[in-house]
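Enquirer: Sequence:
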Amino acid sequence: MSQVKFQNKYRISSARAQWWDYGWNGAYFITICTQDREHYFGEIQNDKMVLSQVGVIADILWHQIPAHHKNIELGDFVVMPNHIHGILIIDKRDNVIDDVETGHALSLPSQPEVGSHRFQNIGKNTISSIIGSYKSAVTKHANRLGYPHQWQKLFYDIIIRDNNAYQQISDYIVSNPENWGKDKFKTDDKSKLKI
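Last residue of the sequence shown: number 195 in UniProt numbering, and the count goes up by one each step with no gaps.
Everything labelled a hint here was simulated from the structure, so no lab data went into it. Ideal placement from N, C-alpha and C gives every residue a C-beta, glycine not left out. Hints are not guaranteed to be accurate.
Under the rule of at most 30 angstroms between Cα atoms (straight-line distance), these lysine-lysine pairs were calculated in the DSSO-like manner [claimed, not checked]:
1. K48 / K135
2. K140 / K186
3. K184 / K153
4. K92 / K48
5. K70 / K182
6. K182 / K135
7. K153 / K92
Label pairs and their calculated CB-CB ranges [claimed, not checked]:
8. G132 / D162: 23 to 33 angstroms
9. S129 / I60: 18 to 28 angstroms
10. P148 / D91: 32 to 42 angstroms
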């Protein structure tokens, strides 16, 4: 019987690159939005982000990621009213395959046979498991303190290929609050929280 469960009606397709193992060494630009782009995290005032209590939780827990996941380094990070941007770097120094030079401090591993390592990292230091843990922790702590908070189900990622791309993304993250008026994630203030 090869009937597909629910006829793929309720399946959320992955936004991840199918040719890439997200447990491999690399730098990743991550964006996570709140459900319906609600302004849970605070507001922009005079081109600066003023964090709400949930925004403070999101900020603190992001900076604790390396304490909970091995071989993780953090690049630039910012909490915005309805999303976060950050760079996660996986650097398994003792588990490097033949590297492909990219001109970045972290070279990309050469691709083994496609799919050969894809399922060996389930729940173990993959970008999805790290982001899943982070989202869960923020929601748990916010709810425990009585603050409403919900994430969008998926997150966005970009595999950073070289130093130039890394620098452009870092600049984008750092300048995000002052560019809020032009931000593609900007919505009218739908704040569930007041600061």
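Enquirer: Compare the structure with each hint and give your call.
Expert: A quick look at each hint next to the structure:
1. K48 / K135: 24 angstroms, holds
2. K140 / K186: 25 angstroms, holds
3. K184 / K153: 18 angstroms, holds
4. K92 / K48: 35 angstroms, violated
5. K70 / K182: The hint is violated at about 36 angstroms.
6. K182 / K135: 26 angstroms, holds
7. K153 / K92: Cα-Cα ~28 angstroms, so holds.
8. G132 / D162: 23 to 33 angstroms: Check passed, 28 angstroms falls within 23 to 33 angstroms.
9. S129 / I60: 18 to 28 angstroms: Cβ of S129 to Cβ of I60: about 20 angstroms, so the range 18 to 28 angstroms holds.
10. P148 / D91: 32 to 42 angstroms: 36 angstroms, holds
Of the hints listed earlier, those the structure fails to meet are numbers 4, 5, in rising order.
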